[in-house]
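If you read the sequences in order, they're chains A and B.
Under the numbering used here, read the first sequence as residues 105 to 219, first letter to last.
Under the numbering used here, read the second sequence as residues 2 to 117, first letter to last.
It should be emphasised that the hints constitute simulated quantities derived from the structure, not laboratory data.
Beta carbons: idealized from backbone N, C-alpha and C, even for Gly.
Any given hint could turn out to be false.
[Unchecked claim] Simulated restraints, written as ranges between beta carbons of each label pair:
1. B:S110 - A:M115: 35 to 43 Å
2. B:K67 - A:T131: 41 to 49 Å
3. B:S10 - A:S178: 17 to 25 Å
4. A:M115 - B:T81: 35 to 43 Å
5. A:T107 - B:S10: 28 to 36 Å
6. A:G189 - B:K67: 33 to 41 Å
7. B:S84 - A:S134: 39 to 47 Å
8. A:P144 - B:P9: 19 to 27 Å
9. A:R147 - B:E88: 26 to 34 Å
10. B:S74 - A:G189: 30 to 38 Å
11. B:P9 - A:A120: 36 to 44 Å
12. B:E60 - A:S111: 37 to 45 Å
[As the list claims (entries may be wrong)] Short derived list, chain A residues pointing at chain B, Cβ under 7 Å:
13. P145
14. R147
15. Q148
16. M149
17. F168
18. K206
19. A211
Listed below are the residues making up each chain.
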Amino acid sequence: AQTVTQSQPEMSVQEAETVTLSCTYDTSESNYYLFWYKQPPSRQMILVIRQEAYKQQNATENRFSVNFQKAAKSFSLKISDSQLGDTAMYFCAFGLTGTDYKLSFGAGTTVTVRA
Amino acid sequence: GAVVSQHPSRVICKSGTSVKIECRSLDFQATTMFWYRQFPKKSLMLMATSNEGSKATYEQGVEKDKFLINHASLTLSTLTVTSAHPEDSSFYICSARDSLMNEKLFFGSGTQLSVL
Chain A
105 AQTVTQSQPE MSVQEAETVT LSCTYDTSES NYYLFWYKQP PSRQMILVIR
155 QEAYKQQNAT ENRFSVNFQK AAKSFSLKIS DSQLGDTAMY FCAFGLTGTD
205 YKLSFGAGTT VTVRA
Chain B
2 GAVVSQHPSR VICKSGTSVK IECRSLDFQA TTMFWYRQFP KKSLMLMATS
52 NEGSKATYEQ GVEKDKFLIN HASLTLSTLT VTSAHPEDSS FYICSARDSL
102 MNEKLFFGSG TQLSVL
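Go ahead and model the full structure; you've got the sequences and the hints to work with.
If you want it as structure tokens, here you go:
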């Protein structure tokens, strides 16, 4: 079974500054997907960014970028120019490709953006 | 983007009654749907995977007779909590896998179940 570890339960960042969330995972597979999901107070899960394991280039989505280190099994999320609307719980998730596809989630990191 | 509709958003029921939660993919076909349970400020715990037209696959520790899952069509999956008890109170979330966008999951808005 795959495990996903987020070691930072809570983080606080000043508006307009940058925050980095860590995520490590454990798998023996070589083909998989990694995701960061955001869950604001509304509790709606929102996809922030995804990374295919076979791609060496780090994914970027506007102010969100990842640092994917496949050998180290690390997948951190950087939020640049933090905005108040970024306040949410962030989950790192791992998914295998193919018919056995399902997501395993980390414990989550609560991010609070201060005005 | 793809939309997954989940109803009801909130339900309060008496102990011993059954509650049905619906999850619909509105603009795509979902060959696979997933049901998660989430406690306050905790992660999503996968309960079961349902594939259209076949029996659901339950995760270890999840009682299949208590949490009945039906995936009768490519756009609808239901979770029925049978003989609900206060310990079943939780936030339940469904997600659907778009068969044409394999790696993407789309989530419903969740159902808060409170059992009195």
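Which hint numbers does the structure go against, in order from smallest to largest?
1, 2, 3, 9, 12, 13, 17
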